[in-house]
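Trainee: Sequence:
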Amino acid sequence: GQLPPISGGGFFTDHEPDILLTEIHRQARDNPILRLALDVREGREFMRGDYGTAQVIGKEDVTQELVLKADQVLVGTNRTRRRYNQRLRELKGFNADYPQAGDKLVCLRNDPAKGLLNGSLWKVMTSSRETVKPGINLLVSPEEDDPDRGVAKIKLLKAAFEDPDADIPWQQKKRFDDFDYGYALTVHKAQGSQWNEIVLFDESWAFKETRQRWLYTAITRAAERLTIVR
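Sequential numbering from 349 applies to the sequence shown in the numbering used here.
Beta-carbon label-pair distances, calculated as ranges: (1) Gly-391 - Thr-479: 50 to 58 Å; (2) Thr-411 - Phe-555: 21 to 29 Å; (3) Gly-397 - Arg-477: 47 to 55 Å; (4) Gln-542 - Asp-511: 32 to 40 Å.
No farther apart than 20 Å at their CA atoms in a straight line, the calculated lysine to aspartate or glutamate pairs in the EDC-like style are these: (5) Lys-521 - Glu-510; (6) Lys-462 - Asp-526; (7) Lys-462 - Glu-492; (8) Lys-471 - Glu-492; (9) Lys-481 - Asp-515; (10) Lys-481 - Asp-511; (11) Lys-407 - Asp-419; (12) Lys-481 - Asp-526; (13) Lys-556 - Glu-393; (14) Lys-471 - Asp-445; (15) Lys-417 - Asp-398; (16) Lys-440 - Glu-413; (17) Lys-481 - Asp-445.
It should be emphasised that the hints constitute simulated quantities derived from the structure, not laboratory data.
Note that the structure is predicted; figures quoted are calculated from it, not measured.
Don't be surprised by glycine CBs; every beta carbon is placed ideally from N, CA and C.
Could you put together the complete structure from these sequences and hints?
Mentor: Encoded structure:
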């Protein structure tokens, strides 16, 4: 049960919303994830604790098993995203500076000709051998079995992975596909997607006046199980 969008009537029109809201509240009774989303939506704070299919824990309670088991890890800032991606790759046994077979990648730039969509997730099938050339060739397949998207051949710039903070000129960048590791995503990038099991690192403090909306969006990405770390 997804809640109606905040914009475009619904909540503020005169007639149906009461019925709609009543229905949402009814569903929320049986759905801890929806319950939390509703609390956030209506400005209530929530405490650490076990809510059934949703739990709220402290950083000190996070285990490797928890993050490795999750279908997706979500964070707020790019800095955290980069750090967690590095750590998750280590935990999964990847030690090269570049994407390897089995790595999970997120596409950062559309390329309709190749079927690449900004925000889509891919798994590396093969990664070309390291050479002195600036690029590496990869064969990737959509993470979800997507009948509309097949296997894609992509070429990545090694420098972008060797030093993620490097300022690479657009002239050079545009000759390559734009991808990054996809183990941890920002909630911004995850909008419009849903996963069964999510671990969310609550960085809502970074969003000041849109904090509530950020948290609401984050919580509603989870379909079956949600762990919020704060």
